[in-house]
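Participant: These are the residues of each chain, in order.
2 protein chains.
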Amino acid sequence: MSFSSTEQWLVRKILRMTGNPPFQLVLGRDAHEVAHKNGSSGKPTIVVADRRTLAELALDPEIAFGDAYSDGRIEVHGDLVAFLEDLMRSMHEGAKAGWYARLRSWWLDLVDDNSRSGSKKNIHRHYDLNVDFYKLWLDERMVYTCAYFPTVSAGLEDAQLAKMDHVCRKLQLQAGEKVVEAGCGWGALALHMAKHYGVTVRAFNISHEQIAYAREQAKRQGLADRVEFVEDDYRNIAGRQDAFVSVGMLEHVGPSHYEEFGRVIHRTVGDCGRGLVHFIGRNHPHPFSPWIRKRIFPGAYAPALSQVMHMFEPLNLSVLDVENLRMHYAKTLEHWLDRFDGSVDRVSQMFGPEFVRAWRLYLAGSLAAFRCGGLQLFQVAFAGATYRQTSWTRAHLYEQGDPTVREPKWMIATR
Amino acid sequence: MSFSSTEQWLVRKILRMTGNPPFQLVLGRDAHEVAHKNGSSGKPTIVVADRRTLAELALDPEIAFGDAYSDGRIEVHGDLVAFLEDLMRSMHEGAKAGWYARLRSWWLDLVDDNSRSGSKKNIHRHYDLNVDFYKLWLDERMVYTCAYFPTVSAGLEDAQLAKMDHVCRKLQLQAGEKVVEAGCGWGALALHMAKHYGVTVRAFNISHEQIAYAREQAKRQGLADRVEFVEDDYRNIAGRQDAFVSVGMLEHVGPSHYEEFGRVIHRTVGDCGRGLVHFIGRNHPHPFSPWIRKRIFPGAYAPALSQVMHMFEPLNLSVLDVENLRMHYAKTLEHWLDRFDGSVDRVSQMFGPEFVRAWRLYLAGSLAAFRCGGLQLFQVAFAGATYRQTSWTRAHLYEQGDPTVREPKWMIATR
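Which chain is which? The protein sequence lines are A and B, in order.
Using numbering that gives the first Met the number 0, you'd call the opening residue of the first sequence number 0 and step up by one each time.
Using numbering that gives the first Met the number 0, you'd call the opening residue of the second sequence number 0 and step up by one each time.
Take the hints with a grain of salt, since some may be wrong.
Short derived list, chain A residues pointing at chain B, Cβ under 7 Å [what the hints assert, rightly or not]:
1. G71
2. G221
3. L222
4. A223
5. P286
6. L304
7. S305
8. M308
9. S317
If we take Cβ atoms under 8 Å as the criterion, some of the chain B residues that face chain A in the derived model are [to be verified]:
10. L304
11. V318
12. Q375
13. A384
14. Q388
15. Y397
Hints listed in this document are in silico derivations from the structure and should not be mistaken for laboratory results.
None of these values were measured; they are calculated from a predicted model.
A virtual CB, placed ideally from N, CA and C, is assigned to each residue, including glycine.
One chain only, chain A, in its complex shape:
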């Protein structure tokens, strides 16, 4: 059977919309027919099951690819991550999104807006999944954000610990201070700050399952009197604190709510406090992957730094330090994907094979995006205009020493 002219037209349309990435496209599960070939023989073969899938790809390549990969109508023979990296590069350089894909992206933004009720729904869909599922592939402390690897060969558990210390050192926490955390996941950072830096923490999250888990941990670790886990929206954070920290939540705030988020930060730290936001970002403003928004993270958005600066600037907050940890997120995702791949049978028992394939694509796609620079990871440390305890240099972030002696070592700037 040779290709019909309709099929050939669809393939050409798909290639135009994806910037002609290097791969071999095969139609039909029997894979006799090569519909398109680009690049060397080392490049992967994409097997598209049927004409319906081909037509869906031509209409909205990103969402159709994700959905068809998830339910098995698309197979990738070869290195999935490398293929996704090539695809992202070619889409960045030469892709033209069609009207349907643009409309769908806009529609997703509309229905998944991160209003108070929308956030509740969006966060529930991802973070209220069974905690045993996340335990299969996260580190022992259940930190579901980019780790910080002091060396390339550090393990994931150490790197998540090092990330929390890196954040605490950037915040220059001092015993007795009050810290608020917006979006606390399963509570690891809040507990770490209280335990090792002697601060008291109010940690906010609207995921019921995560808060329940975090409270349990606080009790077990004897920290319930110093860490309060609050099941509430960040917009309800009230009261003056010494420091504000948010790791991996800004992605769920959405650009239309940045001004609101900025006001929450400013009323928390005022002109004398300081804070840190850690978030997935981009080199320039761009919508988040529509498939990820549809199936994995409804309402997600990764801002460019200009958008974050516009959040700080009207409040006269000083940006003290921006660090780009993009390759650390790639490394983190390598660990997660490895562990996930090692737990595929368990995950399949929990949620079925389609879930396994969808989440594998999400992890592999995220890894590819950080590797190729489609996504960045920024830590932004900031302070109110009259904050006076800025460290003189950043050398204290890199001081060696017994990590169990968590003694703040920065110097106070003096006049």
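Dock chain B against the given chain A, drawing on the hints supplied.
Facilitator: Then chain B, alone, in the frame of chain A:
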């Protein structure tokens, strides 16, 4: 003599335009009459010589204060820097610029635009002053930008050396690479990079005097074959280089030329190179002091980070690192002001007493602005989207060791 109602009205107007700063205002050189008193007795006394000066202050406080302070019609009894700090704080919080001051600020922007010819004129006015004058109060290497003090007590010479190393480490220079510098002053950084990091440098500057001095230094240090000082506008930088660096020039580019500046950067480093810009910035967009623009730095502008991000983002450049060195510039200015004060007689012989007073006000005002946060100092390191040699962490910036063994010690990010 008591105050006329006109004088009282003028004083009230001045206070409204400056946000009612804490000081005592006295009219007349004999200083019998206190026109206004705000704050404790420790606050300075401002002696305004005559009613004409009072009227000028009421019309355009910043320019009138600068000019009247310079020619002696205003005296500040007390700590000049502390007074200026208080003034800046109160102006930031509650000042309302009048129509005349706004019009004059707009007019300055118009006539001092940093076009090719405008830049030539603007740069000539400041940087082509007698090099012996700058030698009186800069460090021995003639570095006229914010130093980096590894410790608060480091001396100025060491701190300027440390700043150049800090920049070179951030750039991760490797022997044999090609670097372009936009705005090279008297050449210290270009020579340092070539001498200690083994790179070849093309360094641009439109100040004739500075280029002449820098070329002389290159010959003396035997570096003329590796450092080319080019008397030309940054807009004429051409050819692909491994790295782009610009320390203290962005302030002279002007926001209407940032897009152009971004294009120069991008065509220099492409997608595979990297660079660093070091500049005086602000927490939020705001015009530069009109008096400084009128008398000291025509065409100067200190951008907010959002404005700089808007320069990088359309070019898909990745921001790797932003460091705020505000207090280092305050410290640098303390050294410069000390040395300047110790050379007042020489400066007065060179340019007369009015020049001495004007430059003293400029240095003291800059010091006050960095102390109170009206100005910030940002170093932004960036790279093309496919730059692969990003250091794994920033720890290499803080490694100890013999500073004469300038061996790059970063780790290459590997996949």
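Participant: With reference to the structure, classify each hint as holding or not holding.
Facilitator: Hints and how they fare:
no.	hint	verdict
1	G71	29 Å, violated
2	G221	33 Å, violated
3	L222	29 Å, violated
4	A223	35 Å, violated
5	P286	15 Å, violated
6	L304	5 Å, holds
7	S305	4 Å, holds
8	M308	4 Å, holds
9	S317	5 Å, holds
10	L304	5 Å, holds
11	V318	6 Å, holds
12	Q375	6 Å, holds
13	A384	5 Å, holds
14	Q388	11 Å, violated
15	Y397	4 Å, holds
The structure shown violates the earlier hints numbered 1, 2, 3, 4, 5, 14.
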